[in-house]
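Student: In the order they appear, the protein sequences are chains A and B. The working numbering puts the first residue of the first sequence at 1, with every later residue one more than the last. The working numbering puts the first residue of the second sequence at 327, with every later residue one more than the last.
Derived by calculation from the structure, the hints in this document are not laboratory data. Check each hint, because a few of them may be wrong.
[Stated by the list, open to error] Subject to a maximum C-alpha distance of 20 Å in a straight line, what follows is the list of computed SDA-like cross-link-like pairs (lysine to any residue):
no. : chain 1 : residue 1 : chain 2 : residue 2
1   : B       : 469       : B       : 489
2   : A       : 144       : B       : 364
3   : B       : 514       : A       : 263
4   : B       : 391       : A       : 90
5   : B       : 368       : B       : 434
6   : B       : 329       : B       : 471
7   : A       : 144       : B       : 468
8   : A       : 129       : B       : 468
9   : A       : 214       : B       : 376
10  : A       : 117       : A       : 148
11  : B       : 469       : B       : 376
12  : A       : 247       : A       : 237
13  : A       : 214       : B       : 343
14  : A       : 117       : A       : 55
15  : B       : 514       : B       : 499
16  : B       : 391       : A       : 214
17  : A       : 247       : A       : 8
18  : A       : 129       : B       : 392
19  : B       : 514       : A       : 265
20  : A       : 129       : B       : 390
21  : B       : 391       : A       : 247
22  : B       : 343       : B       : 444
23  : B       : 442       : B       : 412
24  : B       : 363       : B       : 374
25  : A       : 129       : A       : 150
26  : B       : 507       : A       : 150
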Amino acid sequence: MTSCSVPTLTPIEAVEAQSVLPADWQADFQNLAAVDLQPAVLELIRRTSSRLPQDVIEALAAGRATETKDSRGANALDTMLENVVLADSHGAPLCQDTGTVIFWVRHPFGLSQRRAKAQIRQAVAEATKRSWLRPNCVSALAAKNPGNNLDPFGESHPVIHFEEWEHPTVEIQIMLKGGGCENVGAQYRLPDVALGAGRDLKGVRKCIIDAVVKAQGQGCSPGILGVAIGGDRVVGYERSKELLLRKLTDTNPNAELAAFESALLADLNTLGIGPMGYGGATTVLGLFVEELWRHPASFYVSISYMCWSSRRMTLTLDAQGGIAFQ
Amino acid sequence: MIKLTTPLSEAQIRALKVGDEVLLSGNVILSRDTGHKFMVEKKPDWLRPILENAVIYHCGPVVAKNPDGTWRFVASGPTTSIREEPYQAEVLETYTVRGVIGKGGMGPKTSAGLQKVGACYFHTTGGAGALLAERVKRVIDVKMLEEFGSPEAFWIIEVEDFPLVVTMDSHGGSLHDEVLKASQERAKALTA
Numbered sequence: 001m002t003s004c005s006v007p008t009l010t011p012i013e014a015v016e017a018q019s020v021l022p023a024d025w026q027a028d029f030q031n032l033a034a035v036d037l038q039p040a041v042l043e044l045i046r047r048t049s050s051r052l053p054q055d056v057i058e059a060l061a062a063g064r065a066t067e068t069k070d071s072r073g074a075n076a077l078d079t080m081l082e083n084v085v086l087a088d089s090h091g092a093p094l095c096q097d098t099g100t101v102i103f104w105v106r107h108p109f110g111l112s113q114r115r116a117k118a119q120i121r122q123a124v125a126e127a128t129k130r131s132w133l134r135p136n137c138v139s140a141l142a143a144k145n146p147g148n149n150l151d152p153f154g155e156s157h158p159v160i161h162f163e164e165w166e167h168p169t170v171e172i173q174i175m176l177k178g179g180g181c182e183n184v185g186a187q188y189r190l191p192d193v194a195l196g197a198g199r200d201l202k203g204v205r206k207c208i209i210d211a212v213v214k215a216q217g218q219g220c221s222p223g224i225l226g227v228a229i230g231g232d233r234v235v236g237y238e239r240s241k242e243l244l245l246r247k248l249t250d251t252n253p254n255a256e257l258a259a260f261e262s263a264l265l266a267d268l269n270t271l272g273i274g275p276m277g278y279g280g281a282t283t284v285l286g287l288f289v290e291e292l293w294r295h296p297a298s299f300y301v302s303i304s305y306m307c308w309s310s311r312r313m314t315l316t317l318d319a320q321g322g323i324a325f326q
Numbered sequence: 327m328i329k330l331t332t333p334l335s336e337a338q339i340r341a342l343k344v345g346d347e348v349l350l351s352g353n354v355i356l357s358r359d360t361g362h363k364f365m366v367e368k369k370p371d372w373l374r375p376i377l378e379n380a381v382i383y384h385c386g387p388v389v390a391k392n393p394d395g396t397w398r399f400v401a402s403g404p405t406t407s408i409r410e411e412p413y414q415a416e417v418l419e420t421y422t423v424r425g426v427i428g429k430g431g432m433g434p435k436t437s438a439g440l441q442k443v444g445a446c447y448f449h450t451t452g453g454a455g456a457l458l459a460e461r462v463k464r465v466i467d468v469k470m471l472e473e474f475g476s477p478e479a480f481w482i483i484e485v486e487d488f489p490l491v492v493t494m495d496s497h498g499g500s501l502h503d504e505v506l507k508a509s510q511e512r513a514k515a516l517t518a
């Protein structure tokens with residue numbers, strides 16, 4: 001066993017000093033229909049691409065402390081933590097795969113989703129031009145790359161989920177979801193004869209263990225899992241991904257699922273897959289499980305896998321002109 | 327720690343075993359999904375002098391253009407290698423490539439190719455994009471940039487002390503195989 005201190009990122013003031021937002025910028029809530037979100041979203045992308053959330057850094061450091069000294073697993077975690085510090089200090093992308101860019105926008109009545117979508121797309125194209133995002137959007141068959149991260153139909157990239165809510169604030173959450181970890185996500189239909197998994201938590205547990213074993217290091221372990229039980233195929237996957245926005249320190253409000261998560265997390269870390277699949281005790285950093293409703297005939301377990309470089313952030317704009325990046 | 331510089335000889339590669347840590351310097355050619363399909367289907371001759379005794383890197387970088395028109399790597403960690411499993415062995419053999427850098431490991435078809443040609447699979451840390459970009463000394467050239475787009479193009483770069491671990495050697499050894507089998511056994515016990 002070795003100890004490992006949590007690395008320190010640059011002070012937030014230094015990050016703010018590099019902000020692309022004009023000092024006096026604020027969203028005019030008196031005239032929501034005319035708000036231009038582009039500069040704030042551009043700043044959101046800049047920070048998310050280069051600065052890993054503190055709870056993820058602490059989980060990596062905690063994992064490092066459980067690995068045997070000089071093992072490949074320990075060395076890989078050291079490299080990851082070194083990379084986190086370097087990306088932050090250079091304001092460079094943490095990973096060359098800046099992912100599928102996914103937004104969740106929650107807003108009060110009066111904001112135009114059509115305009116907001118255009119502004120978010122402008123911000124994504126500008127961030128790509130500035131090398132904060134890799135051009136990751138290509139046509140499926142010909143693999144044609146427009147170079148700006150925008151699909152020409154405005155349908156599939158960036159991904160933007162809108163929801164009107166009752167609060168007087170605009171909240172924009174972003175996730176940069178790498179392709180390697182997206183590829184190891186899985187959806188199970190229970191009962192599953194091969195796994196011996198029935199329609200209960202015991203069956204769900206078998207699915208999750210199976211998915212983690214199949215993923216090995218290919219999703220850049222140690223990973224974070226979002227698991228939705230129920231829903232249809234679309235809702236299940238959508239929700240499993242949204243769960244990855246939670247902080248690793250968050251506790252599941254459902255006591256039964258909270259206990260299930262912590263017991264299974266401990267079990268998953270005995271699989272020996274380890275950081276990058278090198279072997280070791282740090283295979284999964286966190287696990288979030290949620291129960292949805294379902295059609296009586298369908299019982300899906302949808303699993304989204306997030307790599308260790310879990311890039312997510314929340315931008316909040318309040319009616320008083322306040323702006324927060326968390 | 328073993329220091330190697332490209333071009334690599336078969337003897338240098340045959341001496342490497344699973345678990346060896348390597349610092350690689352010299353020329354490396356980036357190629358991933360589109361490039362591997364292209365290499366197998368088209369087998370272009372212009373790639374021969376570039377790839378002979380060289381090392382392929384599974385990577386789609388974030389690049390920036392300098393004011394003088396040259397390129398700079400901003401982030402350049404590995405991509406998941408297993409997607410090249412259908413193509414890798416044939417690429418190794420066609421072009422006498424001595425090594426592949428990536429992440430996640432590859433399967434039995436590639437292992438057979440490594441043994442036949444005399445090549446190694448080198449693993450590097452996924453997600454360490456900023457750190458690995460620091461080990462790129464310069465961008466020498468880029469091929470098929472227009473056709474494939476930046477993440478898929480053949481970037482030819484010079485690296486210095488690129489940190490690697492041999493996880494598949496030219497003798498049939500594979501760390502990925504060992505970890506997979508042990509974790510499958512453990513999973514069986516956990517779900518019994």
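Student: CA of residue 469 of chain B to CA of residue 376 of chain B, is that 20 Å or under?
Tutor: 11 Å, holds
Student: Within 20 Å, alpha carbon to alpha carbon, are residue 144 of chain A and residue 468 of chain B?
Tutor: 18 Å, holds
Student: Below or equal to 20 Å on CA atoms is what counts here, so check residue 247 of chain A against residue 8 of chain A.
Tutor: 19 Å, holds
Student: Residue 363 of chain B and residue 374 of chain B: Cα distance at most 20 Å?
Tutor: 16 Å, holds
Student: Assess, step by step, whether the Cα of residue 514 of chain B is no farther than 20 Å from the Cα of residue 263 of chain A, and give holds or violated.
Tutor: Since the Cα atoms of residue 514 of chain B and residue 263 of chain A sit roughly 17 Å apart, the hinted pair holds (cutoff 20 Å).
Student: CA of residue 469 of chain B to CA of residue 489 of chain B, is that 20 Å or under?
Tutor: 25 Å, violated
Student: For the pair we were handed, residue 129 of chain A and residue 150 of chain A, check the Cα-Cα distance against 20 Å.
Tutor: At roughly 12 Å apart (the allowed maximum being 20 Å), residue 150 of chain A and residue 129 of chain A satisfy the hint.
Student: Is residue 144 of chain A within 20 Å of residue 364 of chain B, Cα to Cα?
Tutor: Satisfied, since the Cα-Cα distance of roughly 14 Å is no more than 20 Å.
Student: Has the given pair, residue 442 of chain B with residue 412 of chain B, been kept, meaning a C-alpha gap of at most 20 Å?
Tutor: At roughly 16 Å apart (the allowed maximum being 20 Å), residue 412 of chain B and residue 442 of chain B satisfy the hint.
Student: For residue 391 of chain B and residue 214 of chain A, compute the direct alpha-carbon distance and say whether it is at most 20 Å.
Tutor: Measuring from Cα to Cα gives roughly 39 Å; hence the hint is violated.
Student: Holds or violated: are the alpha carbons of residue 117 of chain A and residue 55 of chain A at most 20 Å from each other?
Tutor: Between residue 117 of chain A and residue 55 of chain A the Cα gap is close to 30 Å, so the pair fails against 20 Å, i.e. violated.
Student: Next pair to validate is residue 129 of chain A with residue 390 of chain B; report whether the Cα-Cα distance is within 20 Å.
Tutor: Holds, at roughly 9 Å.
The structure does not agree with the numbered hints 1, 5, 6, 9, 13, 14, 15, 16, 21, 26 stated previously, though it agrees with the rest.
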